[in-house]
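Undergrad: The listed protein sequences derive, respectively, from chains H and A. Each residue of the first sequence is one higher than the one before, starting from 16 at the first, in the numbering used here. Each residue of the second sequence is one higher than the one before, starting from 9 at the first, in the numbering used here.
Calculated from the structure, these hints are not laboratory results. You can trust all of the hints, since none of them are fake.
So these bits of chain A aren't anywhere near chain H, every CB distance computed over 10 Å:
1) Ala-37
2) Glu-166
3) Ser-177
4) His-196
5) Glu-199
6) Thr-236
7) Leu-316
8) Gly-324
9) Asn-329
10) Asn-355
11) Thr-433
12) Val-492
Okay, the calculated bits of chain H under chain A, using three or more residues with CB under 8 Å as the criterion:
13) 186-195
14) 198-212
We put the CB at the ideal spot given by N, CA and C, even for glycine.
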Amino acid sequence: MLNEVVPSAFDFGSLALALFAGAIRIGTPFLFVSLGECLTEKAGRVNLGLEGILVCGAMTGYAVSLQTGSPWIGVLGAGISGLVLGAFHGLVCSLRGVNDIAFGIALMVFGTGLAFYLGTPYIQPQAPTLPAFALGDWSTNSQLRNALEINVLFLVGVVLAGLLHWGMASTRWGLVLRLVGDHAETARALGYRLIPVRVTATAAGGFLAAVGGAYLSLYYPGSWNEGLSSGQGLMAVALVIFARWRPWRCLFAALLFGAAGALGPALQSLGITSGYYLFNAAPYVLTLVIMVITCRPDRTISGAPGELSLTR
Amino acid sequence: MTALSLETFGAGKSFGDFRALEDVSIQVAAGTVHALLGENGAGKSTLVKGLIGYSPLDQGRILLDGIEHAISSPRDAHALGIGMVYQHFTVAPGLTVAENLLLARGHLPWGISWVKERATLDAFMNTMPFRLALGSTVSGLSAGEKQKLELLKQLYLEHRFLILDEPTSVLTPQESEEVLGLVRDLAHRSELTVLMITHKFKEVMSFADEVTVLRKGKLVGHTKVEHTNPDELAKWMMGETRIAAAPKTRSPVKDKAPIGLEILRLCVASDRGTTAVNELSLKVRRGEIVGVAGISGNGQKELIEALLGQRRFLSGKISVNGVPYRATRNEMLQQKVFSLPEEPLHNACIAGMSVAENMALRNFDSPEMRRPGWRINRTAIRIRAQKLIAAFNVSPAFPDRPIGTLSGGNVQRAVLARELAEFATVLIAANPVFGLDFSAVSDIQARILAAREQGTAVLLVSEDLDELLELADTVLVMTNGRIVYAVDARSADRTTIGRYMGGHASSPRASLGGMVQHDDA
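Starting from the given sequences, assemble the full structure and let the hints guide the process.
TA: Encoded structure:
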């Protein structure tokens, strides 16, 4: 009897630690992609192509890091690739009769394909990766030390979420962005031009998504291969809905999705191997559940930007 | 701020060969409310769009305070102090009052110090005859408050010549009077000059100082309001000949007439998941028109959608001719339930399909429209469409034209032809003449009355109280998803109905939407 109770209590603590570590480690790309998607959607467009931009950013970041020897220049390079693809989405969707969702799917396939094509030579070599802060050095517990190894990009993401949160409410840029996304007719009547705002927002969103991709190839898992992304770019759409289009809430939603993604590996490391693949599907199940709960045909979602085709 | 005067000389505008506006000269004196009357297509919108620079005029001159100015974009108009309040709200519903005002002002610094801006806005609000809470989100405001926000926006921009495009179309009678009264007071204090597009004579008579009437792009009359009367204005607006419509005689509703449509404790949810229709019950007898009045957004849309099968209802019971009804296609055909929804191109037609195909949407799979087996008989559909087009005066009379290319009035005629092609036991109509021209309106209203005479139970939901009082036998008022008042249309009192529409009669609020009224001091 006693033999069974003690290990299970021990297991729970480790599981919580592993989930905490995973929330940050796996949640960081979610954070960047969702902030990018949030920005795009606040301007009234949906960019499903972020998945393709993410993969492209992962490849570009890795390649640039390998060539220059600096992972930070790699992150910047990834961001620029995302900026270009995002601007491409923004411009094409500004043409008459182009549907942002359909073009987003095309961009997703295009970005992924481009990354696979250009990225073949980078599968083998090892590029320099991003640093992390070891905040757990004081502890002798290796699990705790491991969990408190916080990557720098995550902290950048947290600052960014706060910055966007403030910027949406208290900058000219934020107000105009929300106006354009909320009511195009009003924006037009007040003399604000919609297309530059939307293109800029989509391009900036692409930048952030590509940085999320660079995190994948330059920190965790920390190498470039074709199976790197597991749909973070698409799940970000659900995540933004879950976060009700608030940057600050995107942070918590990303951590939640990260923790869900860490569930499978965490259980496996504790020796629970049965149903491994089932637990690995947790983020997808979470996505489905959120979509079923929030998106119903006979109701719109509170807080949604009024111009969004996704929720109309 | 001092009011601006405005004059046009020989204003004209063409769209291709069509002369939308021809040689119109108007004089709007500073510090007055000037009404611009006319039917749809009379050129009112063309004229004001020229004044505001949305679509500049081809010909003529515009004088402000006696000095000629060229206005070629809304930016020019804004710089000259001309502003416009559009018929549909141009405020962003997801943003707050303060954010809307700030965005309207423009020239924002990159970083906004809300402490400073709030202080400036508060100071501005204190100088206004009415106030709104700066921090409230616009989507939570009533229609009257939104209209006031539009006015505040114009005053905040220091516009001294204001164009109002049907400013009261979505307001209750009480809200209309309050808003127009404010506008008139501002004008008479010489802070503003107002040019107001309207089609309501009552508003012209009570709130305007002068009136100009346009017909078919030409100026037909201009006078001081005190020198005219509604009959003269109507003659100017519509021409002598079309006024003399035959008086409508109608047989009274029989007390014993069977009940066509009965709704019992119906609950329907809105898009946002809130209860839009709340335990609503009503009955419509055969041969009776029951009108439902109310400000839009009080659940009428959801009620209609539930009755037409476009929306599920949560609970309650609908029965037609005593038989339970869940708005399936089969039930509609069996019980002969037909409908004239609002925005027919959106709710009753497929814009890209031909008139003939649209007319066959109800019965394309009935035996007479089919060839043996499962093929559709296009010839039969076409012949039937031709007959209906002739019977209901749809113009142009081409059954093969996509219905989306027809004018609004003719789309509604085509839908009417489909819905009233055979005898209907129940007709559900929602704002059936909204935005249509005079002849289409009288045509469609006559058809609805004719259906009533034949014993159809008609449920008519309309935002136009005059239409309801004219057509309906019984008028119900719908507020917050419930029927709060019922009255015989012949003995109905507009003021009482208006009070119920605003929700004041059942739950009196201290002041209209938290508005604070100031005395002129």
